[in-house]
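Participant: Listed below are the residues making up each chain.
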Amino acid sequence: MSGTASERPIRVEALSKIYKVYDNPADILLEALTRRARHRQHLALDDVSVSIGRGEVVGLVGRNGAGKSTLLKIIAGTLSKTSGVVEVNGRLAAILELGTGFHPEYTGRENVFMGGLCLGMSPSEVRAKMQSIIDFSELGSAIDDPFRTYSSGMQGRLTFSTATAVDPDILIVDEALAVGDARFQMKCFDRIRDFKRGGKTILVVSHDMNTITTFCDRALILEYGRILSDGHPRQIAQEYHRLLFGRAAPIATSAPAVAPSAPGAASLDASIAEGAQRYGDGAAAIVGFGFVDEHGARAEIIQSGARCAAFFEFRVNRDLPDWSGGFAVKDAKGTVLTGVTNKSQEDRREPLSAGDTVDCRAEMTMWLGPGDYFIGFGLAHGVAGEKIDFIDNGIHFKIMGPSGVFTNSLVNLDISADFTLRPGAKEAGDPPAATAVSSWTENR
Amino acid sequence: MASRPSPGTVVHHRSTGAFAELRHICLSHRWLIWEMAKRDVRDRYARQVLGALWAVAHPLMLMVLYAVIFAYVFPTRLGHTVDLPRDYTTFVLAGLIPWLTFQECLGRATTAISSNGSLVKQIVFPVEVLPIKTVLAVLPTQIVATLFLIAYQLVRGLPLPATALLLPVIFVAQLMHMVAAAFLLGTIGVGFRDVKDIVSVFSTANLFMMPVLYVPGIVPTSIEWVFALNPFSYLIWCYHDAMFYGRINHPAAWIAVVLTAPMTMVLAYRVFRRLKLVFGDLL
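Same order as they appear, the protein sequences are chains V and D. The numbers in the working numbering rise by one with no breaks, and the one at position 237 of the first sequence is 237. The numbers in the working numbering rise by one with no breaks, and the one at position 18 of the second sequence is 1018.
It should be emphasised that the hints constitute simulated quantities derived from the structure, not laboratory data. Honestly, I wouldn't trust all of these hints.
[Stated by the list, open to error] Straight-line Cα separation of at most 25 Å, DSS-like style, residue types lysine-lysine; simulated pairs:
1) V:LYS330 - V:LYS387
2) V:LYS129 - D:LYS1038
3) V:LYS20 - D:LYS1196
4) V:LYS20 - D:LYS1121
5) V:LYS129 - V:LYS187
6) D:LYS1196 - D:LYS1038
7) V:LYS387 - V:LYS333
8) V:LYS387 - V:LYS343
9) V:LYS196 - V:LYS129
Nothing here was measured: the structure is a model prediction, and the numbers come from that model.
With the hints as constraints, model all of the structure from the sequences given.
Facilitator: See the structure below:
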């Protein structure tokens, strides 16, 4: 039975899952007895087919309720399927929820022990790995405290350490990577990289596009229980972003890749980001704006370090003797990270007359770290006086990468590090550095 | 390639023989079952001064209590004849001990799975382990009580009957029946939690529907057919044969209990196996 043609670690075919929702536990019994349906149906997975090969790291993205967790749980074997085929070949470890299966009253150590047994290890195996699990989790002496006293970060760390210690062939991770501080996340990612190198198969659900693009070889979007797309993580990240933030009106309106030479640009209503705010006295009106990459294509996701440009165009309704206008880049918390106006730049304050149209364009190299950012556009009387037309957070975009640095980096310093090995001279007694120090001490 | 799934392997859609599968689960998860049973016993007496010592003390005190009651409070002249070779206390305890264990097993099995929702739902956990460890965790009662009964014989100066050697046979059969009951009740308990109280009431009533307390020979005939219909009676008869009569008085009971044991267990496991994937939906 086992040696069938498809020895792929995970093979899912035409999988569907319908949840039966009962209002009352008695309905289950009544339904079984009377054979009359007493439930509502909820289609969580609808004809999902996916096959994952050895050594593949696959990211699964999708909105809340798209069916991601259901899919993982069915693959992990903790949920039943309604129809379809699920094949899993190999030892599987899953981190489906925080502190999964851990008993709150037991100490961390006891929980690791039981957790290891649950995953199929023998007591001696668990004991042998106990110290390395505890070390990895960095719980220190807290390991002998009851599990319920742990913070969620500590619980997550212990869960991750235990689940990955069994050396599974297949690892399923449901958003558990978001636990712990940034440094612990790095450690988790390191371990996942080791897994990847070891030819293990990994299926990760994450809301963090950066995780997906950095660690996965492939990504899937799940939407309304169906696989919407399956492809390269970067392409999927873009598509998912569009799915989340795109509006009902097609985005094409702003796509015209409006170089300044070709104004007319984005029709305002269509490209304005969700959550944007617009206000001002209307002495002039912004009639189009956008954010594009170096090829002039609409940039929703941009690689850190890439060239890009923000632009807007406004039409003057009343004469403006003194005005300022420009851009501000903000992070998700609303902190202004940088900005530029006609005044900060070159003090252009030539008066404008009603009927004039002005194109503003800001070219930049994206030196920010990964994350979500917003660009706002604005016009004011004088130097940041009475607002004429402001569009706060008009554009929402994401930055990916850069690779090779902390994933929580705030900025991109185009950093690279060199690690040169200087093999220790076995014959010589003291390493050179120590000699230098001692000689310096002597000189004093 | 690996034809035998490793312990953590999730096997979907492979219909191996249920018996082989059950054996494999018991073997590959023996440590987990053992540890969980140990913890089950320990947790029952958590935060008590004597702790797990109660697992021994409780059945022991109960047995002493019964011995005193049947010897002094309700003294029944019985036995030491060819037909009824031992005293009433021996007769009652021989039948009562397996029933006490079985009853405890039934009660605990109803919540074995439903009270472990987090294990069932959240991780790749071998759910089969839960009913099995529940059975294991009620065994201290029977072992302690049986040792007491043996000691009681020796103190009374009665040599153990040769049929006591059959105890392991009937014990293993009982174990299989308990595993079967635990699989079934655990499964039912997931979707229909009321089963806990139904079983509790049944257990109390059932004591009077079995040949445990009734003095043999003076049992009203009206109740004899109740005994015959009660599957638990057959188990009790076997224990009576082994510990009280010292001869096979009920050959039909032995055949019924021992032969059906593996079958019931496998059947119950199959029901469980069919339904276990639904647990996640219901818990």
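Participant: Against each hint, give a clear statement of whether it holds in the structure.
Facilitator: Going through the hints against the structure:
| no. | hint | verdict |
| --- | --- | --- |
| 1 | V:LYS330 - V:LYS387 | 19 Å, holds |
| 2 | V:LYS129 - D:LYS1038 | 22 Å, holds |
| 3 | V:LYS20 - D:LYS1196 | 24 Å, holds |
| 4 | V:LYS20 - D:LYS1121 | 16 Å, holds |
| 5 | V:LYS129 - V:LYS187 | 18 Å, holds |
| 6 | D:LYS1196 - D:LYS1038 | 23 Å, holds |
| 7 | V:LYS387 - V:LYS333 | 22 Å, holds |
| 8 | V:LYS387 - V:LYS343 | 15 Å, holds |
| 9 | V:LYS196 - V:LYS129 | 21 Å, holds |
The earlier numbered hints are all upheld by this structure, with none contradicted.
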